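Q: Protein sequences appear in the order of chains A and B. Heads up: the first sequence begins at 36 in this note's numbering, then just goes up one per residue. Heads up: the second sequence begins at 45 in this note's numbering, then just goes up one per residue.
There could be a bad hint or two in this list.
[Unchecked claim] In silico lysine-lysine, DSBU-like type, Cα no more than 35 angstroms apart, as pairs:
#1 A:Lys-97 - B:Lys-367
#2 A:Lys-86 - B:Lys-367
#3 A:Lys-163 - B:Lys-502
#4 B:Lys-502 - B:Lys-367
[Said to hold, decoys possible] Where chain B lies over chain A, by a calculated footprint (3+ residues, C-beta under 8 angstroms):
#5 165 to 174
#6 238 to 246
#7 274 to 282
#8 289 to 300
#9 314 to 321
[To be verified] FRET-style restraints, in silico, Cβ to Cβ:
#10 A:Glu-290 - B:Arg-531: 54 to 60 angstroms
#11 A:Glu-312 - B:Gly-282: 33 to 39 angstroms
#12 B:Lys-93 - A:Glu-290: 33 to 39 angstroms
Just so you know, the hints here were simulated from the structure itself, not pulled from any lab data. Keep in mind it's a predicted model, so treat the numbers as computed, not measured. Idealized CB from N, CA, C, for every residue including glycine.
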Amino acid sequence: MSPTTPGRATVRKTAKLYIGGAFPRSESGHSYVVTDSKGNFVANASKASRKDARDAVQAARKAFGGWSARTAYNRGQVVYRIAEIMEDRRPQLVEAVRQAEGLNAKQADQVVDEAVDRVVWYAGWADKITQVEGSANPVAGPYFNLSSPEPTGVVAVVAPQRSSLLGLVSVIAPVIVTGNTAVVLASEERPLPAVLLGEVMATSDVPGGVVNLLTGPWRDTAPWLAGHMDVNALDLTGVAGDPEAAIAYEQAAAENLKRVLRAPAAEPDWLGDQGTERMTRFLETKTVWHPIGI
Amino acid sequence: MVKVPESSGSAPLFDYAPAPESRAVVDLSPSYGLFVDGVFVDGGGRSFKTINPATEEVLAEVAEADERDVDAAVQAARRAQERVWGRMSGRERAKYLFRIARIIQERARELAVLETLDNGKPIRESRDVDVPTAAAHFFYYAGWADKLEYAVPGRPDVRPLGVAGQVIPWNFPLLMLAWKVAPALAAGNTVVLKPAETTPLTALLFAEICQQADLPPGVVNIVTGAGATGRAVVAHPGVDKVAFTGSTEVGRSIARTVAGTDKRVTLELGGKAANIVFEDAAIDQAVEGIVNGIFFNQGHVCCAGSRLLVQESVAEEVLDRLKRRMATLRVGDPLDKNTDVGAINSAEQLGRIRDLAQVGEDEGAGRWSAPCELPAQGFWFPPTLFTGVSQAHRIAREEIFGPVLSVLTFRTPSEAVEKANNTPYGLSAGVWTEKGSRILWMANQLRAGVVWANTFNKFDPTSPFGGYKESGYGREGGRQGLEGYLR
Numbered sequence: 036m037s038p039t040t041p042g043r044a045t046v047r048k049t050a051k052l053y054i055g056g057a058f059p060r061s062e063s064g065h066s067y068v069v070t071d072s073k074g075n076f077v078a079n080a081s082k083a084s085r086k087d088a089r090d091a092v093q094a095a096r097k098a099f100g101g102w103s104a105r106t107a108y109n110r111g112q113v114v115y116r117i118a119e120i121m122e123d124r125r126p127q128l129v130e131a132v133r134q135a136e137g138l139n140a141k142q143a144d145q146v147v148d149e150a151v152d153r154v155v156w157y158a159g160w161a162d163k164i165t166q167v168e169g170s171a172n173p174v175a176g177p178y179f180n181l182s183s184p185e186p187t188g189v190v191a192v193v194a195p196q197r198s199s200l201l202g203l204v205s206v207i208a209p210v211i212v213t214g215n216t217a218v219v220l221a222s223e224e225r226p227l228p229a230v231l232l233g234e235v236m237a238t239s240d241v242p243g244g245v246v247n248l249l250t251g252p253w254r255d256t257a258p259w260l261a262g263h264m265d266v267n268a269l270d271l272t273g274v275a276g277d278p279e280a281a282i283a284y285e286q287a288a289a290e291n292l293k294r295v296l297r298a299p300a301a302e303p304d305w306l307g308d309q310g311t312e313r314m315t316r317f318l319e320t321k322t323v324w325h326p327i328g329i
Numbered sequence: 045m046v047k048v049p050e051s052s053g054s055a056p057l058f059d060y061a062p063a064p065e066s067r068a069v070v071d072l073s074p075s076y077g078l079f080v081d082g083v084f085v086d087g088g089g090r091s092f093k094t095i096n097p098a099t100e101e102v103l104a105e106v107a108e109a110d111e112r113d114v115d116a117a118v119q120a121a122r123r124a125q126e127r128v129w130g131r132m133s134g135r136e137r138a139k140y141l142f143r144i145a146r147i148i149q150e151r152a153r154e155l156a157v158l159e160t161l162d163n164g165k166p167i168r169e170s171r172d173v174d175v176p177t178a179a180a181h182f183f184y185y186a187g188w189a190d191k192l193e194y195a196v197p198g199r200p201d202v203r204p205l206g207v208a209g210q211v212i213p214w215n216f217p218l219l220m221l222a223w224k225v226a227p228a229l230a231a232g233n234t235v236v237l238k239p240a241e242t243t244p245l246t247a248l249l250f251a252e253i254c255q256q257a258d259l260p261p262g263v264v265n266i267v268t269g270a271g272a273t274g275r276a277v278v279a280h281p282g283v284d285k286v287a288f289t290g291s292t293e294v295g296r297s298i299a300r301t302v303a304g305t306d307k308r309v310t311l312e313l314g315g316k317a318a319n320i321v322f323e324d325a326a327i328d329q330a331v332e333g334i335v336n337g338i339f340f341n342q343g344h345v346c347c348a349g350s351r352l353l354v355q356e357s358v359a360e361e362v363l364d365r366l367k368r369r370m371a372t373l374r375v376g377d378p379l380d381k382n383t384d385v386g387a388i389n390s391a392e393q394l395g396r397i398r399d400l401a402q403v404g405e406d407e408g409a410g411r412w413s414a415p416c417e418l419p420a421q422g423f424w425f426p427p428t429l430f431t432g433v434s435q436a437h438r439i440a441r442e443e444i445f446g447p448v449l450s451v452l453t454f455r456t457p458s459e460a461v462e463k464a465n466n467t468p469y470g471l472s473a474g475v476w477t478e479k480g481s482r483i484l485w486m487a488n489q490l491r492a493g494v495v496w497a498n499t500f501n502k503f504d505p506t507s508p509f510g511g512y513k514e515s516g517y518g519r520e521g522g523r524q525g526l527e528g529y530l531r
């Protein structure tokens, strides 16, 4: 991967999962071969099992209370810190994206630029989304009444399959910046940018369990997450172009009435304006009433 | 607030003379058809009877819409949406909604009496809550029709979704209609609405109101019927938006039905709200709030405060005062203006309440009912509470949807939060304490869409309402409620 002294064997990295702030290999012990865009062997990535998915949900649930209770200012700082560490690891990210997506150096550079800037953009939303989405309601009576958005809980995300870094951060950042925690199924064929992002998370003040990254065939694990009774919402962006799977997951999600962000017909263009829907889809509105009087 | 005698005896100081509301204001037809494309038509299905639950008297025969009727209604709605309503300027649409609001006010007495006849709720509630709040919803959303560019932050180019299929419950027939129809129309959608089979009459009177308002044909269509009609509305491929209020079980099946389609959905489902009373609360006010929380509308309220969590140190006192207050509730003729608690909406619902109350007793909770004489005819259940309830009891977990309160205790605020949140539902909660910082802390901790502090069961068109978790998704009311009808 990286240039080294002739005759010296490089120390290769084992690609692991990222669950609860730790880097386990799959509980199943299974791995699968990852190749670059030309079909050359790059790594054996961990093949997450159903048990790994359940562990990840448990970790995400455990982290939810603390993460959602942080101040918006602090969450914004932490998400911004992710961008800082990404910037720090630029060469690695560029190389991983180039290799995974078959981009040339310039294109890979641009993708990483956008990915870092996207995280910065979302970081700024942390302490604004409540102001933009919330409301003070002029009720017809002697009551004080406010509505404010709150995170919905644990969000399971099937990440985009093609855009292995920009797409990935574009689905993770909106979920966590609003106070949710995430279990993310990374791109199946292009998992290594996600493995790197896990390492970025681990070193960027993101509490363990807030983001959990699973690699492997998402069709193995997605059904369990869609039907999991302790998952509150489901982002099916990565299921783009597979309506059968999307229907099955939506039906499974009905069991505990998960909020669902539906699968698009095709993977979106991640360079465009993101809007707020990826955040608002995973927010609840809480209205608090109190009488006014003396 | 009601003056309650300090003695524990339940005998009233004096008897109230009956104060019946006249039903002469209501002009009932022996039979009603469906309202499709601006006119009343016969239904393809069998007709069914709607009865007065307080007397079991048959009020009218109502047509049942079959799949072809639903299809005709959806097509009428589509035509109206594409040719007239969706194209009309917001400024014009607003005027129609204002007209409807005004006609509801003009015919308020008639609507209230009809609602009470068909539903069994006390006239005091239909007159003072249901009808005025329904009118207020049309007023509120009328004003949004020409301001849609301000409705969704960051999106000045919003458009209507198209045809909304709406299925509403029997507990607030006219109010739920207003919650659904007003924002849908303001946003430029047209609607096919299915009222509940036990309470269709005010929706059919609303159809007449649409005619009086000269609302273009097809903008509002009303298809009466039961579950099969509702399923036909939800599953119809021409429906772009499904809005449902009702049980979590039906909500689940709707979520399954719309899976893989482009249909947008809002679901307002069940609840098992905790009403939490701290030792420093103003106890008399809290008792009023508890009574209002669970016995308002016979407990037929999805956000009813059906679990009372009371701090151990004041539990005995609260229970004493609560029982004393409950003994003063006047149960009986819903048309009597003195009545507090009316009839259970249907024999079926009464059966469900009786079964669950029996389960509470069988599982060892202490049952106490207010001493009241129930009429011989009709469907009645006395205001009841269960003490010694634990979180494992079914009456603490399942929605009863009747005048039945489960009483639990707690010691610390954290324990109260833990118990309150220990439910798959998350629609509402109540907090009673004089300590402001505790109210705000509790409001933050509670996983519920509405938190009432030192009050309960307050509704207003400007205020978003809706649940967390299995209480459904989306909000109704306020700017947020409008978003569910915009693309």
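Q: Hints first: check each against the structure and report whether it holds.
A: For each hint, the structure was consulted:
For the hint pairing A:Lys-97 with B:Lys-367, the CA-to-CA distance comes to about 41 angstroms; that exceeds 35 angstroms, so the pair is violated. With a C-alpha separation of about 51 angstroms, the suggested pair A:Lys-86 and B:Lys-367 falls outside the 35 angstroms cut-off, and the hint is violated. For a cut-off of 35 angstroms, the pair hint linking A:Lys-163 to B:Lys-502 stands: about 28 angstroms separates their Cα positions. For a cut-off of 35 angstroms, the pair hint linking B:Lys-502 to B:Lys-367 stands: about 23 angstroms separates their Cα positions.
By the rule of at least three residues with a Cβ nearer than 8 angstroms to a Cβ of chain B, the coverage given for the segment 165 to 174 of chain A holds, with 6 such residues. With 0 residues having a Cβ less than 8 angstroms from any Cβ of chain B, the segment 238 to 246 of chain A misses the three-residue criterion, and the hint is violated. Counting residues of the segment 274 to 282 of chain A whose beta carbon lies closer than 8 angstroms to any beta carbon of chain B gives 3, which reaches the threshold of three, so the coverage claim holds. Check on the segment 289 to 300 of chain A: 5 of its residues sit with their Cβ under 8 angstroms from a Cβ of chain B, so the three-residue criterion for coverage holds.
For a cut-off of 8 angstroms, the count of residues in the segment 314 to 321 of chain A with a CB near a CB of chain B stands at 3, and the three-residue condition holds. Range check, A:Glu-290 to B:Arg-531: about 28 angstroms between beta-carbon atoms, so the 54 to 60 angstroms window is missed. Checking the proposed 33 to 39 angstroms range against A:Glu-312 and B:Gly-282 shows it is violated: the Cβ atoms sit about 25 angstroms from each other. Checked against the hint of 33 to 39 angstroms, the C-beta distance between B:Lys-93 and A:Glu-290 comes to roughly 36 angstroms, which is consistent with it.
Figure legend: structure checked against the earlier numbered hints; hints not met, in rising order: 1, 2, 6, 10 and 11.
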